[in-house]
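Asks: In case you want the letters, here they are:
Protein chains: 2
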Amino acid sequence: MKRNYKKSDFPVSKIRKFLEPGPVALISSHYKGKSNIMTQAWHTVLEFNPSLIGCMITASNHSFDMIRKSGECVINIPTVDLIDEIIGIGNSSGQRMDKFRKFGLTPEPAQIVKAPIIKECYANYECKIADASLLDNYNFFIFEVVRAQAATYPKYPRTVHYRGEGVFMVSGKELALPQKFKKKNL
Amino acid sequence: MKRNYKKSDFPVSKIRKFLEPGPVALISSHYKGKSNIMTQAWHTVLEFNPSLIGCMITASNHSFDMIRKSGECVINIPTVDLIDEIIGIGNSSGQRMDKFRKFGLTPEPAQIVKAPIIKECYANYECKIADASLLDNYNFFIFEVVRAQAATYPKYPRTVHYRGEGVFMVSGKELALPQKFKKKNL
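If you're matching them up, the sequences are chains U and C in order. As numbered in the UniProt record's numbering, residues 1 to 186 make up the first sequence, in order. As numbered in the UniProt record's numbering, residues 1 to 186 make up the second sequence, in order.
A couple of the hints might just be wrong.
To be verified - Cut-off 27 Å, straight-line C-alpha distance, at most; resulting in silico cross-link-like pairs (DSSO-like, lysine-lysine):
#	chain 1	residue 1	chain 2	residue 2
1	U	6	U	32
2	C	128	U	173
3	C	180	U	183
4	U	2	C	14
5	U	102	C	180
6	C	14	C	128
7	C	102	U	180
FYI, nobody ran anything at the bench for these hints, they're computed from the structure.
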């Protein structure tokens with residue numbers, strides 16, 4: 001059953017908290033009156049401030065052009081309750097369907113970008129393209145996160161992490177060891 | 001207690017299996033007769049064939065220069081038994097110590113690169129720099145994995161995934177759902 005998360009604003013400089021562990025993301029986009037969603041897992045944090053994320057998106061994806069042309073997207077972090085939607089969205093193309101309707105997901109207006117937020121996801125990172133110069137060679141977008149929100153409960157999401165060949169790892173327990181870190185490295 | 005993994009060669013086109021889920025890595029390097037290790041988590045798979053990985057490494061790290069100048073490194077995937085070493089290596093600089101000795105890790109010769117493999121890690125990906133053009137603007141290395149090996153048991157590693165502020169997520173159970181995928185997407 002889909003979760004109904006209550007969310008609040010989250011500092012863009014701290015978005016690593018839910019992205020750096022490496023979950024599968026759902027990226028939503030909007031261009032010329034149409035919205036789309038893709039399943040995406042080849043991403044990395046690149047910088048805290050400005051808050052930068054790098055994402056490799058294969059150019060043959062319908063979302064690639066929508067994001068490039070609109071200059072925007074939302075990186076949504078789904079949890080394991082959405083596993084069927086994650087796989088189904090990855091299996092299909094937005095050229096032929098409205099994925100929000102097909103997969104029963106709710107598009108909510110974002111604050112800064114025109115791409116919709118996926119309500120059922122644990123966190124939503126509104127992004128603008130910061131650097132498009134790596135698209136030709138690597139299909140690699142560099143996004144700046146311009147606004148973020150995350151669920152207030154539970155403290156950490158149960159995300160899914162893809163291994164290929166149809167196998168996901170589901171995120172496990174947290175291990176809090178701040179006392180072992182040098183303060184400057186926290 | 002440190003694990004003693006028995007390993008075998010692993011196809012470089014399939015290295016996503018242990019990297020795409022987003023674990024903290026230990027990157028080993030070798031330059032001018034000295035070896036070093038750093039803790040690293042800002043990485044992403046970029047391509048299957050050639051097998052490309054993107055890694056953001058802050059330029060102030062001692063390893064940054066060693067990797068750039070030698071053109072090589074090994075991306076080692078540690079498991080949760082090495083949590084103290086992962087944190088300790090992140091807390092310290094290789095300019096002032098031999099981290100293999102300090103942290104009781106075993107350097108083993110790699111097959112193709114001069115950087116040593118960390119024996120105690122679950123998987124070891126030997127890498128050469130494929131593209132250094134993003135270093136000036138983003139400290140972003142694009143590596144080609146030229147040889148890989150991984151433990152033959154257990155089937156999946158219990159890796160650690162960083163959230164910032166001293167908190168790690170430990171990888172949980174696997175969810176195998178290949179029957180739900182379109183074959184071309186597996």
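Asks: All hints are to be evaluated individually against the structure, with a verdict given for each.
Replies: Now the hints, each set against the structure:
1. Between residue 6 of chain U and residue 32 of chain U, the direct Cα distance comes to roughly 30 Å. Violation of the 27 Å bound is thereby established for this hinted pair.
2. Pair hint residue 128 of chain C plus residue 173 of chain U does not hold up; C-alpha atoms about 34 Å apart against a cutoff of 27 Å.
3. Taken as a hint, the residue 180 of chain C and residue 183 of chain U pair is broken in the structure, with Cα atoms around 45 Å apart against an allowance of 27 Å.
4. For the hint pairing residue 2 of chain U with residue 14 of chain C, the CA-to-CA distance comes to about 32 Å; that exceeds 27 Å, so the pair is violated.
5. Restraint check for residue 102 of chain U and residue 180 of chain C: satisfied, since their Cα atoms lie roughly 16 Å apart, inside the 27 Å limit.
6. Note on residue 14 of chain C and residue 128 of chain C: the hinted pairing holds, with a Cα-Cα distance of about 17 Å set against a maximum of 27 Å.
7. For the given pair, residue 102 of chain C sits about 16 Å from residue 180 of chain U by alpha-carbon distance, which is consistent with the 27 Å threshold.
Of the numbered hints stated above, those contradicted by the structure are hints 1, 2, 3, 4, listed in ascending order.
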